[in-house]
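Peer 1: Spelled out, the chains give:
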Amino acid sequence: MTDLTRLTAAELADRLTSREVSSVEATRAHLDRIAAVEPALHSFLYVNGDEALATARDIDSRRAAGEQLHALAGVPIAIKDIVVTKGMPTTAGSKILEGWIPPYDATITTRIRAAGLPILGKTNMDEFAMGSSTEHSAFGNTHNPWDLDRIPGGSGGGSAAAVAAYEAPLAIGTDTGGSIRQPAAVTGTVGVKPTYGGVSRYGLIALASSLDQAGPVTRTVLDSALLHELIGGHDPRDSTSIDEPLPGLVAAARQGRSGDLTGLRVGVISELTGEGYQPGVRARFAESLEVLRGAGAEIVEVSCPNFKYALGAYYLILPSEASSNLAKFDGMRFGLRVEPSEGNVTAERVMGATRGAGFGDEVKRRIILGTYALSAGYYDAYYGSAQKVRTLIQRDFAAAFAQADVLVSPTAPTTAFKLGEKLDDPLAMYLNDVATIPANLAGIPGLSVPNGLSDDGLPVGFQVLAPAKADDRLYRVGAALEALLEAQWGGPILAKAPELEVAR
Amino acid sequence: MTTNGTREVDLVDYDDAVARYDPVFGIEVHVELGTRTKMFCPSVAVFGEEPNTAVSPVSLGLPGALPVVNGTAVEYAIRIGLALNCSIAETCRFARKNYFYPDVPKNFQTSQFDEPIAYDGWLDVELDDGSVFRVEIERAHMEEDAGKNTHVGGATGRIQGAEYSLIDYNRAGIPLVEVVTRPITGAGERTPEVARAYVQTLRDIFRALDVSEARMERGNVRADVNLSLRATPDSPLGTRTETKNVNSFRSVERAVRYEISRQAAILDAGGTITQETRHWHEDTGITTAGRIKSDSDDYRYFPEPDLAPVSPDRAWVEQIRAALPEMPAARRRRLRATGASLTPRCATSSTRPRSTSSSRPSPRARARGDGRLDDVDRGRVDDVAHLGVSEAPVARSRRRRAAGISGNAARICSTHARSGETGARSGSGK
Amino acid sequence: MSTLSRDEVARVAALARIDLTPAELDRLAGELRVIVDAVASVSEVATPDVPATSHPLPLTNVFRADVPEPSLPVADVLAGAPASMDGKFLVPQILEED
Numbered sequence: 262m263t264d265l266t267r268l269t270a271a272e273l274a275d276r277l278t279s280r281e282v283s284s285v286e287a288t289r290a291h292l293d294r295i296a297a298v299e300p301a302l303h304s305f306l307y308v309n310g311d312e313a314l315a316t317a318r319d320i321d322s323r324r325a326a327g328e329q330l331h332a333l334a335g336v337p338i339a340i341k342d343i344v345v346t347k348g349m350p351t352t353a354g355s356k357i358l359e360g361w362i363p364p365y366d367a368t369i370t371t372r373i374r375a376a377g378l379p380i381l382g383k384t385n386m387d388e389f390a391m392g393s394s395t396e397h398s399a400f401g402n403t404h405n406p407w408d409l410d411r412i413p414g415g416s417g418g419g420s421a422a423a424v425a426a427y428e429a430p431l432a433i434g435t436d437t438g439g440s441i442r443q444p445a446a447v448t449g450t451v452g453v454k455p456t457y458g459g460v461s462r463y464g465l466i467a468l469a470s471s472l473d474q475a476g477p478v479t480r481t482v483l484d485s486a487l488l489h490e491l492i493g494g495h496d497p498r499d500s501t502s503i504d505e506p507l508p509g510l511v512a513a514a515r516q517g518r519s520g521d522l523t524g525l526r527v528g529v530i531s532e533l534t535g536e537g538y539q540p541g542v543r544a545r546f547a548e549s550l551e552v553l554r555g556a557g558a559e560i561v562e563v564s565c566p567n568f569k570y571a572l573g574a575y576y577l578i579l580p581s582e583a584s585s586n587l588a589k590f591d592g593m594r595f596g597l598r599v600e601p602s603e604g605n606v607t608a609e610r611v612m613g614a615t616r617g618a619g620f621g622d623e624v625k626r627r628i629i630l631g632t633y634a635l636s637a638g639y640y641d642a643y644y645g646s647a648q649k650v651r652t653l654i655q656r657d658f659a660a661a662f663a664q665a666d667v668l669v670s671p672t673a674p675t676t677a678f679k680l681g682e683k684l685d686d687p688l689a690m691y692l693n694d695v696a697t698i699p700a701n702l703a704g705i706p707g708l709s710v711p712n713g714l715s716d717d718g719l720p721v722g723f724q725v726l727a728p729a730k731a732d733d734r735l736y737r738v739g740a741a742l743e744a745l746l747e748a749q750w751g752g753p754i755l756a757k758a759p760e761l762e763v764a765r
Numbered sequence: 097m098t099t100n101g102t103r104e105v106d107l108v109d110y111d112d113a114v115a116r117y118d119p120v121f122g123i124e125v126h127v128e129l130g131t132r133t134k135m136f137c138p139s140v141a142v143f144g145e146e147p148n149t150a151v152s153p154v155s156l157g158l159p160g161a162l163p164v165v166n167g168t169a170v171e172y173a174i175r176i177g178l179a180l181n182c183s184i185a186e187t188c189r190f191a192r193k194n195y196f197y198p199d200v201p202k203n204f205q206t207s208q209f210d211e212p213i214a215y216d217g218w219l220d221v222e223l224d225d226g227s228v229f230r231v232e233i234e235r236a237h238m239e240e241d242a243g244k245n246t247h248v249g250g251a252t253g254r255i256q257g258a259e260y261s262l263i264d265y266n267r268a269g270i271p272l273v274e275v276v277t278r279p280i281t282g283a284g285e286r287t288p289e290v291a292r293a294y295v296q297t298l299r300d301i302f303r304a305l306d307v308s309e310a311r312m313e314r315g316n317v318r319a320d321v322n323l324s325l326r327a328t329p330d331s332p333l334g335t336r337t338e339t340k341n342v343n344s345f346r347s348v349e350r351a352v353r354y355e356i357s358r359q360a361a362i363l364d365a366g367g368t369i370t371q372e373t374r375h376w377h378e379d380t381g382i383t384t385a386g387r388i389k390s391d392s393d394d395y396r397y398f399p400e401p402d403l404a405p406v407s408p409d410r411a412w413v414e415q416i417r418a419a420l421p422e423m424p425a426a427r428r429r430r431l432r433a434t435g436a437s438l439t440p441r442c443a444t445s446s447t448r449p450r451s452t453s454s455s456r457p458s459p460r461a462r463a464r465g466d467g468r469l470d471d472v473d474r475g476r477v478d479d480v481a482h483l484g485v486s487e488a489p490v491a492r493s494r495r496r497r498a499a500g501i502s503g504n505a506a507r508i509c510s511t512h513a514r515s516g517e518t519g520a521r522s523g524s525g526k
Numbered sequence: 211m212s213t214l215s216r217d218e219v220a221r222v223a224a225l226a227r228i229d230l231t232p233a234e235l236d237r238l239a240g241e242l243r244v245i246v247d248a249v250a251s252v253s254e255v256a257t258p259d260v261p262a263t264s265h266p267l268p269l270t271n272v273f274r275a276d277v278p279e280p281s282l283p284v285a286d287v288l289a290g291a292p293a294s295m296d297g298k299f300l301v302p303q304i305l306e307e308d
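Protein sequence lines, in the order shown, are assigned to chains A, B and C. Heads up, the first sequence is in our numbering, so the first residue is 262 and it goes up one at a time. Heads up, the second sequence is in our numbering, so the first residue is 97 and it goes up one at a time. Heads up, the third sequence is in our numbering, so the first residue is 211 and it goes up one at a time.
Please note that a few of the clues may not be correct.
Unchecked claim - Just so you have them, the derived chain C footprint on chain A, three or more residues with Cβ under 8 Å:
1. 494-501
2. 515-528
3. 619-631
4. 711-721
Said to hold, decoys possible - With a straight-line cut-off of 30 Å between C-alpha atoms, the simulated DSSO-like cross-links for lysine-lysine are:
5. A:LYS356 - A:LYS625
6. A:LYS683 - A:LYS625
7. B:LYS340 - B:LYS244
8. A:LYS569 - A:LYS679
9. A:LYS679 - A:LYS356
10. A:LYS683 - A:LYS356
11. A:LYS625 - B:LYS340
12. A:LYS683 - A:LYS730
13. B:LYS244 - A:LYS356
14. A:LYS347 - B:LYS244
15. A:LYS625 - A:LYS569
16. A:LYS356 - B:LYS193
FYI, nobody ran anything at the bench for these hints, they're computed from the structure. All residues carry an ideal CB built from backbone N, CA and C; glycine is no exception.
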């Protein structure tokens, strides 16, 4: 019998629909895989075995009864632990929420449950999604399946590692400054940040409200399109969600697979390559441009001069919004409560002690930075200025999209670095996001698709960006590049990853 | 000579104080809107239910929850703004007011900062003697209420572990409109009375607009009173105090009187007024200083990213304006018919509660009719029948009303609302 | 340009209700100074003629009808509470008056 965990989600869905395979078999296979490799990887913070199997059984019997089900019904999925799941622990990677069981579901969770996907569990992440390596999780590191001494990216390293290591065919991530796309790049998987407002944020533990988006984490572009169509679309519970239907994403992915990009104008953002980008990353990028050219695309160079302020603007807007969003974690209503070790036990002091004990370093750093940036006398220079830079970046993109249908860059400047390598230098860590941040600031969608291995044998990602609400373009171009490169490689990139030692 | 409530405080006799100092006051009134659901979530907006039985992830401030604006609350806010002769913003945003307090579930309040939905209005307040004082309204904005704390344990003792608070979030998220006056000058010795009458008039308006039950004793209407003294009307503004816990109309008047006396005593002695929040005690009739909160004035306001801007389209605003009911002041004028002759233009405009007097208070009483009708005028009695008033005066005023004539229409026509300043007119549909 | 002295960091940490050890305070002050200097460049380009963007997508007037939905069950509400009594959240004594 085929190893069910090696199938793509689309392949598995086909076999489930034809009843060649049952959801219980598929779910069990993934739970077994999780048990086998988790000691090495630590992708999961919570494994939802019993409930996942119950969902699988339910789907199998409904399918047997002839019920019409969602295309992905019965395909297991992992969910980043920043998404609220009723009855299942949700920690956002933080001690301050250790043991918290939400009394409600996020909208995307509701949609996943309604479609009948067994939820395998909650994946590891940088605390409150602040980070680029998952090393800031309060519950230990996740390891990159390609090299266990290396980071899987962040903040959604758990979802990316789980998918890369065949623990799940589908996963949900969230992306505020690259937290879906950068882990995808360093693990050889596909990750998409939808247009801001394209996927509901109701039930996403908020980091930066004007930047956060949930999105798919998968091994193929088609799988991402399928998942994106399931979770996306208007939600009346999210005032920032777009009240229009999604464009045809699956159709675009299928169309892209043909490998024909005649007439497509591809803009290369000159500010997002060059210095600071590893030679192997730049080389794979240049080769990918040639592949696109060969497929009929026209490559043009575009300049987005205000991108040099993007990192600065991001590291003002995010901490400011986060400092407000994280104020609710105070030990009063839910989560950790810590009393001061001496002196009066007052609400104020319990708040201070709880947050001092419950938040990790990176979170404290950003909350204090954000509180400072918003405080009286500093607003105009910091937060106020950063919001103006956003306008300039939107204008840069608008001008660039007048010349090109999609914009491209390497997803991340480097391949996966070693665990511990950048922990002492927060600013160096922030530089991992330099290529992904502009899309969040502008609200436009972005996708990362693997485009080869670097000289160090580690995966590299290719980023595609499209205008707001034109997410279909990402899938067309991503699918084309994927198809053409896989033809060159003779198979998917993950086939080149080392086999993990499995626990017995 | 201290401001500590537990020690004796010097007071200057009130009449003496207002003879030598010029009071300037301001009032912030919060009104709980009578919508069915809360401001940002579909939990019922209730009073008196079992604790924590009218909450949602949004009003509890749970991680991941997001607000969605109650459209009816926006309409009510616009009604209030129009009734107060305000301009309605072309576009406005919500803002986060960030501060830590256990009854504020998100540790920020979603409010409006520098973009209120209504601004630059005024309200003519009728005093007991019939004179009218115009209160200028700076703004009216939308925000949400906090939960309710019940303190348990010793008074203000510091016995460790003996005190705690119990919190009910049923009230958290109920829609509020906050109405803020400009600093009000020129009321002189009548300041306490004007302050009280203002809050009463607002309350009457809220009820007439059907936007709130507006019962101060239930906390549907809350007033915070700011007061400062200066030597003369030409002197610069003095330091003001803000007094909270003013829970009735009578308290408003008493608290203002008290603060005037207290501040006068401090100034007489050469002291300075501390800018602070004070607490009114109805039982003892004094204000006491609250804790001095140094950094909590830094609310770190920023535009609420989870909510879209509110841009009430002008047609909608006009619809709301056209549907406004008759305001109590206009109703009083209508019932106080004195039979003056009118031009046709005045006849049609007489049913609208435009300004009925010059814009500054006149100590001279306005002519008025039957004393008992005045009770109806002031909205104290809702049902004329209970007055025992004879049929005639009421019938007379009804007939005049049917003819579109009101006794004071002559004065209405001869004096005008400050035109063009705000572009807002109060209007009734009648 | 950064005014982030150790004292300032302590003040801001108090504003944010986060207790810091002296060692944390020292380390954070140093790290934050570096970060603030790096981000301060945004004010160079943020001239008065550039409008601020607070919402990436131009939505307005997103309203909900005034129609109630059932409350969360009170058991669920209090289940996650660190402490509760008589159906209410129990919190330590609050010193600051409203």
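Peer 1: Each hint needs a verdict: does it hold in this structure or not?
Peer 2: Structure-based check of all given hints:
Using a Cβ-Cβ cut-off of 8 Å, 3 residues of the segment 494-501 of chain A lie near chain C, which meets the minimum of three, so the contact claim holds. A stretch counts as covered by a chain when three or more of its residues have a beta carbon under 8 Å from one of that chain; for the segment 515-528 of chain A and chain C the count is 0, and the coverage is violated. Counting residues of the segment 619-631 of chain A whose beta carbon lies closer than 8 Å to any beta carbon of chain C gives 7, which meets the minimum of three for the stated coverage. Remark: the segment 711-721 of chain A is not confirmed as covered by chain C, as 0 of its residues place a Cβ nearer than 8 Å to a Cβ of that chain, below the required three.
Between LYS356 of chain A and LYS625 of chain A the alpha-carbon distance is near 13 Å, which keeps this suggested pair within the 30 Å criterion. A hinted pair counts as satisfied when its Cα atoms are at most 30 Å apart, and LYS683 of chain A with LYS625 of chain A qualifies at roughly 18 Å. With a C-alpha separation of about 16 Å, the suggested pairing of LYS340 of chain B with LYS244 of chain B holds against the 30 Å cut-off. Taken as a hint, the LYS569 of chain A and LYS679 of chain A pair is honoured in the structure, with Cα atoms around 27 Å apart against an allowance of 30 Å.
The suggested pairing of LYS679 of chain A with LYS356 of chain A holds, with an alpha-carbon distance near 24 Å, which does not exceed 30 Å. The suggested pairing of LYS683 of chain A with LYS356 of chain A holds, with an alpha-carbon distance near 22 Å, which does not exceed 30 Å. Simply put, LYS625 of chain A and LYS340 of chain B have alpha-carbon atoms about 35 Å apart, too far for the 30 Å limit, and the pair is violated. Only pairs whose Cα atoms come within 30 Å are accepted, and LYS683 of chain A paired with LYS730 of chain A is rejected, the gap being roughly 35 Å.
For the hint linking LYS244 of chain B to LYS356 of chain A, the alpha-carbon distance of about 29 Å falls within 30 Å, and the restraint holds. With a CA separation close to 27 Å, the supplied pair LYS347 of chain A and LYS244 of chain B stays within the 30 Å bound. For a cut-off of 30 Å, the pair hint linking LYS625 of chain A to LYS569 of chain A stands: about 26 Å separates their Cα positions. Between LYS356 of chain A and LYS193 of chain B, the direct Cα distance comes to roughly 27 Å. Compliance with the 30 Å bound is thereby established for this hinted pair.
In summary, the structure is inconsistent with hints 2, 4, 11, 12 from the numbered list given earlier, while agreeing with the others.
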